[in-house]
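Protein chains in written order, with numbering that gives the first Met the number 0: chain A, 0 to 334; chain B, 0 to 334.
Treat the hints with care, as some may be off.
The list treats identical chains as interchangeable, and a pair is accepted whether it falls inside one copy or across any two copies.
As the list claims (entries may be wrong) - Keeping only pairs whose Cα atoms sit at most 25 angstroms apart, straight-line, the calculated BS3-like set for lysine-lysine is:
(1) 122 <-> 157
(2) 48 <-> 122
(3) 48 <-> 152
(4) 18 <-> 326
(5) 117 <-> 326
(6) 295 <-> 326
(7) 157 <-> 48
(8) 295 <-> 253
(9) 17 <-> 249
(10) 326 <-> 26
(11) 17 <-> 159
(12) 209 <-> 249
(13) 118 <-> 326
(14) 122 <-> 253
(15) 118 <-> 304
(16) 101 <-> 326
None of these hints come from the bench; they were simulated from the model.
There are 2 protein chains.
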Amino acid sequence: MKDELILLSHGNGGEGTKKLITEIILKHLGNELLDQLLDSTIFNIESNKIAFTTDSFVVSPIFFNGGDIGSLSVYGTCNDLGVMGAIPLYLSLSLIIEEGLKIEELEKIIVSIKEAAKKAEVKIVTGDTKVVERGKGDKIFINTSGIGVLNEKRDWTKRKIEPEDLIIISGTIGDHGTAIMLERLGVEVSKDVRSDLSSIHHISIPLLEKFSGIKFMRDPTRGGVATVLNEVASSYNVEIEIYEDALPIKPWVKEASELLGIDPLYSANEGKILLIASKDEAEKIVEFLHSFELGKDASIIGKVKGAGDRVYLKTSIGTYRILDSLKRDILPRIC
Amino acid sequence: MKDELILLSHGNGGEGTKKLITEIILKHLGNELLDQLLDSTIFNIESNKIAFTTDSFVVSPIFFNGGDIGSLSVYGTCNDLGVMGAIPLYLSLSLIIEEGLKIEELEKIIVSIKEAAKKAEVKIVTGDTKVVERGKGDKIFINTSGIGVLNEKRDWTKRKIEPEDLIIISGTIGDHGTAIMLERLGVEVSKDVRSDLSSIHHISIPLLEKFSGIKFMRDPTRGGVATVLNEVASSYNVEIEIYEDALPIKPWVKEASELLGIDPLYSANEGKILLIASKDEAEKIVEFLHSFELGKDASIIGKVKGAGDRVYLKTSIGTYRILDSLKRDILPRIC
Chain A
0 MKDELILLSH GNGGEGTKKL ITEIILKHLG NELLDQLLDS TIFNIESNKI
50 AFTTDSFVVS PIFFNGGDIG SLSVYGTCND LGVMGAIPLY LSLSLIIEEG
100 LKIEELEKII VSIKEAAKKA EVKIVTGDTK VVERGKGDKI FINTSGIGVL
150 NEKRDWTKRK IEPEDLIIIS GTIGDHGTAI MLERLGVEVS KDVRSDLSSI
200 HHISIPLLEK FSGIKFMRDP TRGGVATVLN EVASSYNVEI EIYEDALPIK
250 PWVKEASELL GIDPLYSANE GKILLIASKD EAEKIVEFLH SFELGKDASI
300 IGKVKGAGDR VYLKTSIGTY RILDSLKRDI LPRIC
Chain B
0 MKDELILLSH GNGGEGTKKL ITEIILKHLG NELLDQLLDS TIFNIESNKI
50 AFTTDSFVVS PIFFNGGDIG SLSVYGTCND LGVMGAIPLY LSLSLIIEEG
100 LKIEELEKII VSIKEAAKKA EVKIVTGDTK VVERGKGDKI FINTSGIGVL
150 NEKRDWTKRK IEPEDLIIIS GTIGDHGTAI MLERLGVEVS KDVRSDLSSI
200 HHISIPLLEK FSGIKFMRDP TRGGVATVLN EVASSYNVEI EIYEDALPIK
250 PWVKEASELL GIDPLYSANE GKILLIASKD EAEKIVEFLH SFELGKDASI
300 IGKVKGAGDR VYLKTSIGTY RILDSLKRDI LPRIC
């Protein structure tokens with residue numbers, strides 16, 4: 000099948016779909032649950048407290064430095080569970096493929112999903128495949144939904160954000176968004192340029208087990224760190240101050256952002272955690288993060304002030320400016 | 000917002016997305032879980048045995064007689080849970096919208112989702128919204144994933160299909176596929192022409208509670224009844240015989256199928272259950288089905304013969320022909 004192209008008949012629910020599922024999807028992703036090909040998958044779950052999330056991925060291009068739409072679909076959904084304190088266990092995988100996609104490219108994506116699922120320690124247990132006509136889609140869109148388990152200890156949702164709490168980022172900002180933008184421009188780039196795509200629950204879970212002072216966690220994807228902070232400011236009615244000098248930004252991200260006129264604070268990240276923690280624990284959290292490769296650039300980047308609903312950036316020269324949430328579309332189809 | 004069109008900025012994760020989510024989606028679908036807009040939704044589930052499913056819907060046209068892509072997305076996923084004996088509880092909702100869709104149309108779809116979720120007694124608890132450029136999608140694609148709970152009594156997956164078991168269909172076949180086909184041709188049709196779209200767990204759950212002789216259940220969507228039966232024949236290594244005379248088919252479906260040269264046995268259904276049950280219970284099951292509006296046309300349509308892997312149709316004139324699974328694509332984007 001490798002040299003072939005996806006046809007509409009691969010989505011008809013009959014022989015074509017069966018062949019595609021067996022020879023390309025189950026070949027790589029098969030497990031005792033997915034192999035049953037039932038209308039829904041049945042399993043026992045050991046905790047009564049579960050987390051559920053969904054994400055559709057429409058990133059363009061589908062292959063980029065540091066990953067592809069397949070690994071993004073796995074890590075993106077695992078991260079949405081991980082920041083809520085849930086250990087990701089089961090994912091669904093639903094493909095909307097444009098007629099004409101090379102089956103070889105599809106297989107490359109499926110292999111990438113397999114490897115990401117292995118690293119993230121999750122199982123793909125149920126799926127769906129649809130095909131749309133040429134010009135009615137764009138190569139491939141992928142939806143993954145995920146189920147994870149959590150416990151009281153790791154559930155931060157009932158804790159209260161207070162003045163003097165500190166804002167922590169687990170690593171450099173803007174890598175994914177900037178890498179995709181450069182990829183799309185088709186310019187030649189250095190080998191440093193790559194998405195930060197990775198799964199963060201291997202650090203978020205031990206963090207939440209260890210530190211009860213963590214009051215908020217999110218992975219700052221579309222809209223970036225600035226947009227998440229604005230959501231916090233308006234949901235929790237607090238003012239937030241961010242220190243420009245404290246922001247960890249890779250040199251190539253800084254350079255490309257200046258050239259392209261974008262702000263890394265608004266660029267998507269795909270392997271970072273934005274945390275809010277009590278003043279007492281913040282430094283210990285950063286220290287703990289530094290013990291992980293994924294957290295080696297972790298920094299305290301700001302703090303929660305009194306009541307309000309705005310985010311301020313204290314610039315390198317000591318002035319303040321309002322950091323709004325994203326208004327324009329700096330780049331569509333980043334994830 | 001009603002007169003406006005979807006813009007790329009509605010998918011940027013910032014202000015545009017927030018406005019769309021608040022004013023169109025939460026306005027209709029809001030509940031205590033969805034309103035939190037967290038990266039994943041946390042809830043307690045009372046059973047340890049759960050069912051999980053996913054489906055992406057790409058039906059074209061998005062509005063049709065008997066439903067639209069919104070209600071289809073709810074019922075389709077609930078039905079995948081219902082036929083496995085699971086009571087659907089929680090759905091995710093992920094939208095991939097093409098730039099330029101009228102917000103008025105989107106709202107119509109969201110209202111339809113709301114009404115379907117109410118009828119099916121499920122909650123939309125987590126979601127995602129992406130926007131793709133004009134010409135890179137087709138109005139709207141919707142993914143729903145679903146979680147349901149089940150118990151040992153309703154779990155038929157370990158029962159064994161045997162010779163003499165009977166095949167039952169809960170109602171007329173081919174309604175959905177034929178209605179969509181007529182809709183797409185743009186021909187004027189009588190008011191009888193409509194999809195059979197509905198949720199079937201309100202009948203599948205009591206059926207499974209009452210009859211322990213049910214050994215298989217599936218909703219015969221893409222590929223129709225013939226394709227599901229072929230899957231059964233090859234998975235369970237049995238021969239199946241279907242009686243043409245026993246097939247419940249609405250007059251308009253029969254007529255349109257003859258005109259269009261299609262076979263209702265291969266047309267999609269969206270509110271039907273195909274069951275396999277022990278000989279002893281089959282008649283009682285049909286009787287029980289008749290007590291529901293959705294099951295009023297239920298019939299025994301065939302039986303399981305000895306070992307084999309083929310499905311045969313016994314025609315009205317007494318001859319036999321092999322009923323293969325769907326090979327060609329009779330109609331793309333039926334669901």
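Each hint tested on the structure:
Taking identical chains as interchangeable, the C-alpha atoms of residue 122 and residue 157 lie at most 25 angstroms apart only when they sit on different chains, with a minimum of 22 angstroms there against 29 angstroms within one chain. Taking the shortest Cα distances, residue 48 and residue 122 sit within 25 angstroms of each other both inside one copy (19 angstroms) and across copies (17 angstroms). Taking the closest pair of Cα atoms, residue 48 and residue 152 come within 25 angstroms of each other both inside a single copy (12 angstroms) and across two copies (23 angstroms). For a Cα distance limit of 25 angstroms, the shortest separation of residue 18 from residue 326 across copies, 11 angstroms, qualifies, whereas the shortest one inside one copy, 45 angstroms, does not.
When the C-alpha separation of residue 117 and residue 326 is checked against a cutoff of 25 angstroms, the pair qualifies neither within a copy, at 37 angstroms, nor between copies, at 34 angstroms. Neither within a single protomer nor between protomers do residue 295 and residue 326 lie at most 25 angstroms apart by alpha-carbon distance, with minima of 31 angstroms and 54 angstroms respectively. For the identical chains of this complex, residue 157 and residue 48 are intra-copy neighbours only, at 14 angstroms inside a copy versus 27 angstroms across copies, given an alpha-carbon limit of 25 angstroms. Proximity of residue 295 and residue 253 under a CA criterion of 25 angstroms is satisfied intra-copy only: 18 angstroms inside one chain copy versus 67 angstroms between copies.
With identical chains, the CA atoms of residue 17 and residue 249 are never at most 25 angstroms apart, being 46 angstroms at best within one copy and 29 angstroms at best between copies. Within a single copy, residue 326 and residue 26 get their C-alpha atoms only as close as 44 angstroms, which misses the 25 angstroms cut-off; across copies the closest is 22 angstroms, which meets it. In the homo-oligomer, the alpha carbons of residue 17 and residue 159 lie at most 25 angstroms apart only across protomers (23 angstroms), although the nearest pairing inside one protomer, at 51 angstroms, exceeds that limit. In the homo-oligomer, the alpha carbons of residue 209 and residue 249 never lie at most 25 angstroms apart, since the shortest distance is 29 angstroms inside one protomer and 64 angstroms across protomers.
In this homomeric assembly, residue 118 and residue 326 never come within 25 angstroms of each other (Cα to Cα): the closest approach is 35 angstroms inside a single copy and 37 angstroms across copies. When the C-alpha separation of residue 122 and residue 253 is checked against a cutoff of 25 angstroms, the pair qualifies neither within a copy, at 37 angstroms, nor between copies, at 44 angstroms. In this assembly of identical chains, the alpha carbons of residue 118 and residue 304 never lie at most 25 angstroms apart, being 39 angstroms within a copy and 46 angstroms across copies at closest. In this assembly of identical chains, residue 101 and residue 326 lie within 25 angstroms of each other by CA distance solely across copies; the values are 21 angstroms between and 37 angstroms within a copy.
The earlier numbered hints that this structure contradicts are 5, 6, 9, 12, 13, 14, 15.
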